[in-house]
Amino acid sequence: MKWFDYATPASVGEAVGLLTAHPNARLLAGGTDLLVQLRAGRKETDLVVDLKRIPELNAIEYDPGRGLSIGAAVPCYRIYRDQTVARAYPALVELASLIGGTQIQGRASLGGNLCNAAPSADSAPLLIALGATCRVAGALGTREIAVEDFCTGPSRTVLQAGELLVSLHLPPPPAHSGARYLRFIPRNEMDIAVAGAGVEVVLDDGKFRSARIALAAVAPTPLFVREAGEALAGQPVNEASIARAAEIARASAKPITDMRGTAEYRRHLCGVLTRRAIEAAVERAREGKR
Amino acid sequence: MHNKVRVRTTINSEPQEFLCEPRQSLLECLRDIFGLTGTKEGCNDGNCGACTVMMDDRVVTSCLVLGVEAEGCQITTIEGIARGSELHPLQRAFLQNAALQCGICTPGFIVAAKALLDREPNPSEEQIRLWLANNLCRCTGYDKIIRAVEQAAQEVRA
Amino acid sequence: MKTQEYSVIGTRPIRHDGADKVTGRALYGADFQMAGLLHGYILRSPHAHARIRRIDTSKAAAFPGVRAVMTADDFPQAPDRLVDLGEGDTPLSYARGNVLAKGKVLYKGHAFAAVAATSVHIAEEAAGLIEVDYEVLPCALTAPEAMQEGAPILHEDLKTKEFGEQTGRVSNVAEHFRHVMGDIEAGFAQADVIVEREFNTATVHQGYIEPHNATALWNNDGRILVWCSTQGAFVVRDVTACLLDVPVSRVRVTPMEIGGGFGGKIPVYLEPVAALLSKKTGKPVKIVMSRKDVFEATGPTPGSYIKVKIGARKDGRITAAQAYLAYEAGAYPGAMVAPGAMCVFAAYDIPNVVIDGFDVVVNKPSTAAYRAPGATNAAFATETVVDEIAEKLGMDPLDFRLKNAAKEGTRRADGPKYRRIGCVEVIEAMKKHPHYSAPLGGPNRGRGVAVGFWFNVGLPSSCTISVNADGTVNLVEGSTDIGGTRTSIAMQAAEVLGIPAEDVRPTVVDTDSVGFTAVTGGSRTTFATGWAAYEAAQDIVRQLKERAAKLWETDAASVTMERGIFRAGDKSITFQELAAKLDQTGGPVVGRGAVNPRGVGGSFSGNIVDVEVDPETGKVTILRFTAVQDAGKAIHPSYVEGQMQGGSVQGIGWALNEEYWMNGSGTMMNSSLLDYRMPTALDLPMIDTVIVEVPNPGHPFGVRGVGEANIIPPPAAIANAIYHAAGVRMNRLPMNPPAIMEAIWSQRD
Chain V
1 MKWFDYATPA SVGEAVGLLT AHPNARLLAG GTDLLVQLRA GRKETDLVVD
51 LKRIPELNAI EYDPGRGLSI GAAVPCYRIY RDQTVARAYP ALVELASLIG
101 GTQIQGRASL GGNLCNAAPS ADSAPLLIAL GATCRVAGAL GTREIAVEDF
151 CTGPSRTVLQ AGELLVSLHL PPPPAHSGAR YLRFIPRNEM DIAVAGAGVE
201 VVLDDGKFRS ARIALAAVAP TPLFVREAGE ALAGQPVNEA SIARAAEIAR
251 ASAKPITDMR GTAEYRRHLC GVLTRRAIEA AVERAREGKR
Chain E
1 MHNKVRVRTT INSEPQEFLC EPRQSLLECL RDIFGLTGTK EGCNDGNCGA
51 CTVMMDDRVV TSCLVLGVEA EGCQITTIEG IARGSELHPL QRAFLQNAAL
101 QCGICTPGFI VAAKALLDRE PNPSEEQIRL WLANNLCRCT GYDKIIRAVE
151 QAAQEVRA
Chain S
1 MKTQEYSVIG TRPIRHDGAD KVTGRALYGA DFQMAGLLHG YILRSPHAHA
51 RIRRIDTSKA AAFPGVRAVM TADDFPQAPD RLVDLGEGDT PLSYARGNVL
101 AKGKVLYKGH AFAAVAATSV HIAEEAAGLI EVDYEVLPCA LTAPEAMQEG
151 APILHEDLKT KEFGEQTGRV SNVAEHFRHV MGDIEAGFAQ ADVIVEREFN
201 TATVHQGYIE PHNATALWNN DGRILVWCST QGAFVVRDVT ACLLDVPVSR
251 VRVTPMEIGG GFGGKIPVYL EPVAALLSKK TGKPVKIVMS RKDVFEATGP
301 TPGSYIKVKI GARKDGRITA AQAYLAYEAG AYPGAMVAPG AMCVFAAYDI
351 PNVVIDGFDV VVNKPSTAAY RAPGATNAAF ATETVVDEIA EKLGMDPLDF
401 RLKNAAKEGT RRADGPKYRR IGCVEVIEAM KKHPHYSAPL GGPNRGRGVA
451 VGFWFNVGLP SSCTISVNAD GTVNLVEGST DIGGTRTSIA MQAAEVLGIP
501 AEDVRPTVVD TDSVGFTAVT GGSRTTFATG WAAYEAAQDI VRQLKERAAK
551 LWETDAASVT MERGIFRAGD KSITFQELAA KLDQTGGPVV GRGAVNPRGV
601 GGSFSGNIVD VEVDPETGKV TILRFTAVQD AGKAIHPSYV EGQMQGGSVQ
651 GIGWALNEEY WMNGSGTMMN SSLLDYRMPT ALDLPMIDTV IVEVPNPGHP
701 FGVRGVGEAN IIPPPAAIAN AIYHAAGVRM NRLPMNPPAI MEAIWSQRD
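Protein chains in written order, with the working numbering: chain V, 1 to 290; chain E, 1 to 158; chain S, 1 to 749.
Okay, chain V solo, but in the shape it has when bound:
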């Protein structure tokens, strides 16, 4: 690995200043992607900016009225150890405990997962399904961006020079809602998703009031399949309506063939995973567990 310097800003403003002064700087939260990429020569930098001393990037705050805010550098293990989060967002807790293994979860953050902008990022589909937004800070102030609009291509995001992701915001869980992220991996842990599906459903008296569905690893970015969710709205909860939504998701996928799976297989998985994730989310909504 080539030499780089190291900085630990104490505030968002200080971090933005460093980013502006060093266009080649890289942000370090958990480092589970960054250090691997630097070592493999896939990225280079002359300055690593460690975000773990900035309070806003390391806080978890929940308010039943406003929802949940997770600092961009908060490691996964803090999310799943948080009892409040576990009660309000069980699908999020599951998500935090399936990224990497135990040790990776000791470091990796949802914000970092999103900023790394891998098409296979596990965090994106569920965050999209849950209607999460990103709070981004830059020299000109802060802005909010929906998670589905955050990634623009493999390893590319909407972040402009001098900008950084500060936190993620999830709205309060709607009544009678349930969510679930399911991914397919050949092993049972420590794998990159071959395909993934994140779903949130809101039920209303035996029918879907609304639903949001997003997919992982089947397009250059995490894929929000708005039409699949809309197809469920107002429909009765049954095999046929769920199958229709799953088919829309399957047809929307634009996967490639690589070492993790063929395009055909991935497209097929999108249908299977979407169906299973909707079913699991419905079950959760019915049990009142989200």
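These aren't lab readings, by the way, just hints derived from the structure by calculation. Each hint should be verified, as a subset may be incorrect.
[What the hints assert, rightly or not] In silico DSS-like cross-links for lysine-lysine, where the CA-CA straight-line distance does not exceed 27 Å:
1) S:K307 / S:K392
2) S:K417 / S:K279
3) S:K619 / V:K43
4) V:K2 / V:K43
5) V:K43 / S:K59
6) S:K280 / V:K2
7) E:K4 / S:K403
8) E:K4 / V:K43
9) S:K283 / E:K4
10) V:K52 / E:K4
11) V:K2 / S:K407
12) S:K59 / S:K292
13) V:K2 / S:K309
14) S:K550 / S:K581
15) E:K4 / V:K2
16) S:K619 / V:K254
17) V:K2 / S:K307
18) S:K279 / S:K59
Please arrange chains E and S on chain V, whose structure you already have, making use of the hints.
Just chains E and S now, kept in the frame of chain V:
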């Protein structure tokens, strides 16, 4: 001119101070600066768990931590697991159950398993397997490792 | 000795090196430190096949912190000859060429230059400044591809050897051999059922957790001192001496603790380079491979194309069997096709057999042994065809195997006739295991069985034992301990001496300090080095009888020893008491054992496995796994079980997910432990073991090596289970989810 960084940390309960290059991983610092070679390198990208150490209240793969990030932290390595001259129940259980063959993964497994037992003294087989999925062993097929952790958990509870 | 009377053998003492290995104190190769140590970095080819037109190292040499740069030109250019690499002979030019390529690179990751610098980061950065002008050549990546007319030729000087004769024909086929027994056509003519299938298996890696490493010091007295992780210190000594063109006595190799090998740490990659860099710098040089280097540039085991045809009568007797085995050697000849051919039908008594083997070079890393090398590929083919025939005949798959099982006196197609073996006993143990008749307990589940054979090897081993005044002994041996063999060797000495295993202190020493000892491989260590320890202990007993005779002023021939007590008439003395009297009876007692045993006993292994196949994703879950193996005599049952469990799980990984995923230009795309997908703890159930003991008549304690046979049956057993769960016969490895899904789809069409 590049400058090394001064880091103050605690390693195996001893306050320590060292100079390192920002690009050096915590794994490199432990091994090359402190001679704590019980922490092993197997892949250098976080996937084998051989370099597992405790960092404050969590386990991490020290290859994916920069040495400079140890500032102000409490680090525990395999060398800090035994209680003086007495082996930790996990270490004893690994020996009694023949839970190691070549032994290169053993430090990582023991550090990770200790973190589990510290939090959950009565883990199910499934919980143990899930918790240890970030640690690869190529010799044992895991069977005897799981049994060793189960036995140690019993001992820790007693 | 009678088997039932052992007091140490068959017990489960704590391993002697245990405390060091659970506290982090044990020193492995990469842990070696020395004042003034420099760090080496190897520069590797980005192309699978290319001519190197020019290498310019000047910028690298000028980089601050760099102390030396070298290429293959720095090796002494000794004339070509055959050299022993631990498990077979190879031309020196090939051995040297794999360590550092000259003129041409033959696979992505092929080493061709090296840098020594004050830190590993500097060495790596400087290596990036070496300028290379390549002429990229087309590549051949599989055996069938490389065998085609007009395929890119790897070695212009490689001519096919056919049926033992040089043909003079330049091709990628290094060798074509054939084993024939009986009359194959007549055999198939007698058959009522014939099944013929084709198989493709991917290249897979041993996957040891510790990367290769070596430290070398070219000392001022001209001696070359090496510290490394190896399965055979003497192989490293001999190969290093050979490549550096010095006598073997100039090289001393100290084997450090080793973090797994499975055959992959027999070849020498780094030591000669570290030694030359040390010569250039006057400092010790350490080189440690990255994980990517390990995948891309150390020996995986061959991928293969296999055709198997078996015919049987209605009564269940196999009448004929034919196999075509084309194995990828990687960049240099030496695919493990010969052992594959030995093992392909080795579990069965078949009168008419033809086996064709092809050793084919391809643009992949030069292959190495991997636990029963060659046999797993072959058994995957045979054991799935056998299953299909049993099904067609309406026979229970174990009954069918029992009916045809090899036994004492059965002749194998490659020549040898079996002595006492445990094939029948292993299959019978499988049949009566409760697992075999247990309900499957759900839909989409299936049970499969398979068996496998490995012949094991003997080879030389040396050992000395010295007696301490406190009644303990020090045992010195030369076999790298990868899985507890210090203890299984010490236990054999303890059994002879009648003392507890804990009273033997075993040490693995450097090549200056013990007699020649061959590699820890071929399931030979507990068998052969254990035998050397047995001989050394017998030597001690002989000498101590003389000492007792001296004390009692009687004839040594009248002294007996049993369970550590020496007796003559009414006099008796314990081993410990006698050890305390060495000074007064003539001085120290040192025993020695040096063996080159021939009485190797092969080991049979069998699996019962239950799987569940998700019909929508193709994912296989291993629900239950039982491994049965003939150990001859289990010295330390825990470590025998450990070998069985470890081999089984490597076989499971091979079956389900592991593979070199190559792109069209010969780059392995999944060269990390993330994407190579070895099994984690969460992917497995407990692995039940049944140790069968059919003593090997060729070993004093009946030992058969148990290190390897256990990896052979899992892929076939799992394939058979998948068939019973999902209705598809898999004919390729790995049987990963997309492959199974494709098989399910194509069956529906």
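Quick rundown of the hints versus the structure:
For the hint pairing K307 of chain S with K392 of chain S, the CA-to-CA distance comes to about 19 Å; that is within 27 Å, so the pair holds. A threshold of 27 Å between alpha carbons decides the hint, and for K417 of chain S with K279 of chain S the separation of about 51 Å lies outside it, so the pair is violated. Using a Cα cut-off of 27 Å, the hinted pair K619 of chain S and K43 of chain V is violated, with the two alpha carbons roughly 34 Å apart. At most 27 Å may separate the alpha-carbon atoms for a hinted pair to count; K2 of chain V and K43 of chain V meet this at roughly 10 Å.
A distance of roughly 23 Å separates the Cα atoms of K43 of chain V and K59 of chain S; the hinted pair therefore holds under the 27 Å criterion. For the proposed pair K280 of chain S and K2 of chain V, the alpha carbon gap of about 25 Å is at most 27 Å, so the pair holds. Of the supplied pair hints, the one linking K4 of chain E and K403 of chain S is violated, its CA atoms being roughly 73 Å apart against a limit of 27 Å. Proposed proximity of K4 of chain E and K43 of chain V is supported: the alpha carbons are some 22 Å apart, at most 27 Å.
This hinted pair checks out: K283 of chain S and K4 of chain E have alpha carbons roughly 25 Å apart, not beyond 27 Å. A C-alpha spacing of about 20 Å is found between K52 of chain V and K4 of chain E, which places the hinted pair at or below 27 Å, so the restraint holds. Using a Cα cut-off of 27 Å, the hinted pair K2 of chain V and K407 of chain S is violated, with the two alpha carbons roughly 62 Å apart. For the hint linking K59 of chain S to K292 of chain S, the alpha-carbon distance of about 25 Å falls within 27 Å, and the restraint holds.
Under the criterion of a C-alpha separation no larger than 27 Å, the hint pairing K2 of chain V with K309 of chain S is inconsistent with the structure, at around 56 Å. Only pairs whose Cα atoms come within 27 Å are accepted, and K550 of chain S paired with K581 of chain S is accepted, the gap being roughly 11 Å. With a C-alpha separation of about 14 Å, the suggested pair K4 of chain E and K2 of chain V falls inside the 27 Å cut-off, and the hint holds. Simply put, K619 of chain S and K254 of chain V have alpha-carbon atoms about 22 Å apart, close enough for the 27 Å limit, and the pair holds.
The straight-line distance between the Cα atoms of K2 of chain V and K307 of chain S is roughly 50 Å, outside the 27 Å bound, and the hint therefore fails. A C-alpha spacing of about 21 Å is found between K279 of chain S and K59 of chain S, which places the hinted pair at or below 27 Å, so the restraint holds.
Hints 2, 3, 7, 11, 13 and 17 from the list above are not met by this structure, while the remaining hints are.
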